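Visitor: Sequence:
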Amino acid sequence: MSIDPEIQTQTNEPSADESAPDRHAENANNNGGNESGAKPALSLAAVGVRAAFWTVAAVILLCACILMCSPYTAMRFYSKLDLKDMALYSAEKYLRWHEDKFDPDNNVYPAPDGKYADALYCAANNSIYFMNKFAGKGKYSSRKVQYYARRVDRYAGRYLVCNIPISLYDRTQKIDTYGLQHTSPALHPYVYSFADRLSTEQFKAWYILGENERMTNRWDTATAQWSQEGWEVRESDFLLLAQLTAYINAELDDLGLRELIESKKEGFLMDGDVPDWLSLYGTDKPFDLFVYDKTDVDVNGNYPVDEGQFTRLYSVVSETVLDDGAGTRNNFQDKFAAFLRGNVRQYAKNGPTPDRAEHLKYTYYLKTLTDFWRAMRNMTVVLDSQKGYFPHADQLQAAREFWFQNSGIPNVYFYMDGYDKGGVTRDNAIYEWYRYGAMVDYLAFYNIYA
1 MSIDPEIQTQ
11 TNEPSADESA
21 PDRHAENANN
31 NGGNESGAKP
41 ALSLAAVGVR
51 AAFWTVAAVI
61 LLCACILMCS
71 PYTAMRFYSK
81 LDLKDMALYS
91 AEKYLRWHED
101 KFDPDNNVYP
111 APDGKYADAL
121 YCAANNSIYF
131 MNKFAGKGKY
141 SSRKVQYYAR
151 RVDRYAGRYL
161 VCNIPISLYD
171 RTQKIDTYGL
181 QHTSPALHPY
191 VYSFADRLST
201 EQFKAWYILG
211 ENERMTNRWD
221 TATAQWSQEG
231 WEVRESDFLL
241 LAQLTAYINA
251 ELDDLGLREL
261 IESKKEGFLM
271 DGDVPDWLSL
281 YGTDKPFDLF
291 VYDKTDVDVN
301 GNYPVDEGQF
311 TRLYSVVSET
321 VLDDGAGTRN
331 NFQDKFAAFL
341 RGNVRQYAKN
351 GPTPDRAEHL
361 KYTYYLKTLT
371 DFWRAMRNMT
381 VVLDSQKGYF
391 PHADQLQAAR
401 EFWFQNSGIP
411 NVYFYMDGYD
421 KGGVTRDNAI
431 YEWYRYGAMV
441 DYLAFYNIYA
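The opening residue of the sequence shown carries number 1 in the numbering used here; numbering runs sequentially from there.
Because the hints were derived from the structure by calculation, they are not lab data. Misleading hints may appear alongside valid ones.
As the list claims (entries may be wrong) - The list that follows gives simulated cross-link-like pairs (lysine-lysine, DSS-like), each with its CA atoms no further than 27 Å apart:
1. 144 - 93
2. 349 - 335
3. 285 - 101
4. 139 - 335
5. 133 - 335
6. 144 - 133
7. 84 - 133
8. 84 - 174
9. 115 - 93
10. 137 - 294
11. 133 - 80
12. 137 - 84
13. 139 - 294
14. 335 - 174
15. 93 - 133
16. 361 - 421
17. 361 - 335
18. 285 - 421
19. 174 - 349
20. 265 - 137
21. 264 - 133
22. 174 - 101
23. 421 - 349
Claimed, not checked - Estimated spans, in silico, between C-beta atoms of each pair:
24. 220 - 129: 26 to 36 Å
25. 293 - 217: 14 to 24 Å
26. 421 - 143: 23 to 33 Å
27. 111 - 85: 24 to 34 Å
28. 169 - 397: 24 to 34 Å
29. 185 - 217: 32 to 42 Å
30. 259 - 144: 12 to 22 Å
31. 96 - 178: 19 to 29 Å
32. 275 - 185: 35 to 45 Å
33. 398 - 228: 18 to 28 Å
34. 418 - 178: 51 to 61 Å
35. 448 - 53: 36 to 46 Å
36. 277 - 144: 47 to 57 Å
37. 421 - 81: 21 to 31 Å
Just so we're clear, the structure is a prediction, and the values are computed from it rather than from any experiment. All C-beta atoms, glycine included, are put in the ideal place defined by N, C-alpha and C.
Model the full assembly from the supplied sequences, consistent with the hints where possible.
Guide: Dropping the structure here:
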């Protein structure tokens with residue numbers, strides 16, 4: 001018997017009414033009892049958080065790629081955040097990647113306002129910062145200080161090589177101008193010359209690195225004429241004084257005397273100030289440029305008879321017998337003071353030819369001379385306190401006495417009761433000449449004392 005197809009379909013397939021309850025039950029089980037049967041919507045907050053997370057992650061990744069692949073951008077970024085170590089790292093990376101910008105043998109120098117100049121400036125400044133930051137008592141021979149000293153020598157030295165009219169000279173002038181514009185007038189001598197600062201810090205780096213030959217060549221070349229009859233002071237001579245001051249102060253700092261010296265009102269030691277715990281004994285005797293050690297040789301290549309004798313450098317910068325056949329003595333301090341005496345007054349506000357820029361220049365030179373005197377005073381006091389270390393105790397005592405006596409400068413103009421009451425000409429201490437004479441005259445241009 002044949003089966004009606006319609007009946008067969010009805011027999012094998014449940015009707016819509018019969019199957020509906022079962023499907024609802026199944027949907028209820030699958031949807032956790034959600035009778036509507038619709039899937040729940042994702043939380044908008046969750047979507048927003050996820051989107052923000054991946055956006056931030058993408059931005060961070062992009063920035064990391066840029067900082068890694070663009071050291072110049074990274075250098076500027078880290079500099080703005082005052083992250084000096086990362087800025088230095090990025091600057092060095094940029095300089096390595098662009099070595100073709102600096103080739104003095106082929107007369108290739110960087111442009112004053114280019115990226116290479118920016119990176120070199122950053123590398124030199126931050127190297128100096130870290131070298132001085134990590135130096136201190138007993139730390140000058142540490143690997144960290146020497147690490148940064150090598151970078152100071154490299155980058156400060158390279159900047160100075162480029163400090164010529166066809167390269168970085170204009171940039172240096174702008175740096176000096178900026179420093180003066182954004183510094184109190186009383187501090188202008190401290191920011192007067194960026195190039196001198198680099199030269200001074202490089203000399204200090206030589207000391208840290210034990211580059212004695214380079215230091216000796218520097219002062220021997222510069223002082224070649226200082227002990228000759230008829231020699232006259234030049235403006236360039238003051239740079240050597242600044243370098244030697246940095247050297248002496250580094251030696252004093254390495255001995256642990258910086259805080260003691262800074263605690264003194266005028267920044268120099270008197271007899272009896274040197275602490276009892278100080279000892280100069282050891283393999284690294286300080287002040288080697290000025291005092292012979294038993295391992296040193298003299299200018300003729302011979303070992304001195306006894307250690308503790310003063311070197312030619314000390315004689316030249318203190319009081320030396322001129323090579324004029326008459327035994328004439330030349331007092332270094334008087335020579336430099338005479339050069340400054342007329343120039344400081346010449347360009348003062350109430351001087352014959354008032355000129356603020358010229359007056360600042362000579363005020364800066366006077367500060368340099370004052371700082372050198374102070375350093376020599378401290379060095380000779382320390383040496384004299386250690387008579388047991390040197391056979392020539394009488395020489396040490398004479399040196400201490402010389403720099404004490406030569407603190408006075410004859411016939412200088414300064415103000416006893418303020419600028420408005422006028423000045424007087426008389427003998428005075430060199431640091432008082434700077435503070436109450438030259439600086440008062442300079443500040444008068446800004447009507448601070450007028």
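Visitor: With reference to the structure, classify each hint as holding or not holding.
Guide: Going through the hints against the structure:
1. 144 - 93: holds, 19 Å
2. 349 - 335: At roughly 25 Å apart (the allowed maximum being 27 Å), residue 335 and residue 349 satisfy the hint.
3. 285 - 101: violated, 42 Å
4. 139 - 335: violated, 37 Å
5. 133 - 335: violated, 36 Å
6. 144 - 133: Between residue 144 and residue 133 the Cα gap is close to 10 Å, so the pair holds against 27 Å.
7. 84 - 133: holds, 12 Å
8. 84 - 174: holds, 22 Å
9. 115 - 93: Holds - the C-alpha atoms of residue 93 and residue 115 are around 12 Å apart, at most 27 Å.
10. 137 - 294: holds, 24 Å
11. 133 - 80: Satisfied, since the Cα-Cα distance of roughly 20 Å is no more than 27 Å.
12. 137 - 84: Given pair residue 137, residue 84 holds - Cα atoms ~23 Å apart, limit 27 Å.
13. 139 - 294: holds, 24 Å
14. 335 - 174: Not OK: residue 335 and residue 174 at ~33 Å, beyond 27 Å, violated.
15. 93 - 133: Roughly 22 Å separates the two Cα atoms, so the pair holds.
16. 361 - 421: holds, 25 Å
17. 361 - 335: With Cα atoms ~18 Å apart, residue 361 and residue 335 stay inside 27 Å; holds.
18. 285 - 421: Distance of about 50 Å is beyond 27 Å: violated.
19. 174 - 349: Holds: residue 174 and residue 349 sit about 25 Å apart, inside 27 Å.
20. 265 - 137: Cα-Cα ~22 Å, so holds.
21. 264 - 133: holds, 22 Å
22. 174 - 101: holds, 21 Å
23. 421 - 349: Holds. Residue 421 to residue 349 sits at ~15 Å (cutoff 27 Å).
24. 220 - 129: 26 to 36 Å: holds, 30 Å
25. 293 - 217: 14 to 24 Å: Check passed, 19 Å falls within 14 to 24 Å.
26. 421 - 143: 23 to 33 Å: Since residue 421 and residue 143 have Cβ atoms about 57 Å apart, the given range 23 to 33 Å is violated.
27. 111 - 85: 24 to 34 Å: holds, 27 Å
28. 169 - 397: 24 to 34 Å: violated, 47 Å
29. 185 - 217: 32 to 42 Å: About 38 Å separates the Cβ atoms of residue 185 and residue 217, which means 32 to 42 Å holds.
30. 259 - 144: 12 to 22 Å: holds, 21 Å
31. 96 - 178: 19 to 29 Å: holds, 28 Å
32. 275 - 185: 35 to 45 Å: holds, 37 Å
33. 398 - 228: 18 to 28 Å: This hint holds: roughly 24 Å between Cβ atoms.
34. 418 - 178: 51 to 61 Å: violated, 31 Å
35. 448 - 53: 36 to 46 Å: With a Cβ separation near 58 Å, residue 448 and residue 53 fall outside 36 to 46 Å, so the hint is violated.
36. 277 - 144: 47 to 57 Å: Roughly 25 Å apart at Cβ, these two residues miss the hinted range, so it is violated.
37. 421 - 81: 21 to 31 Å: violated, 50 Å
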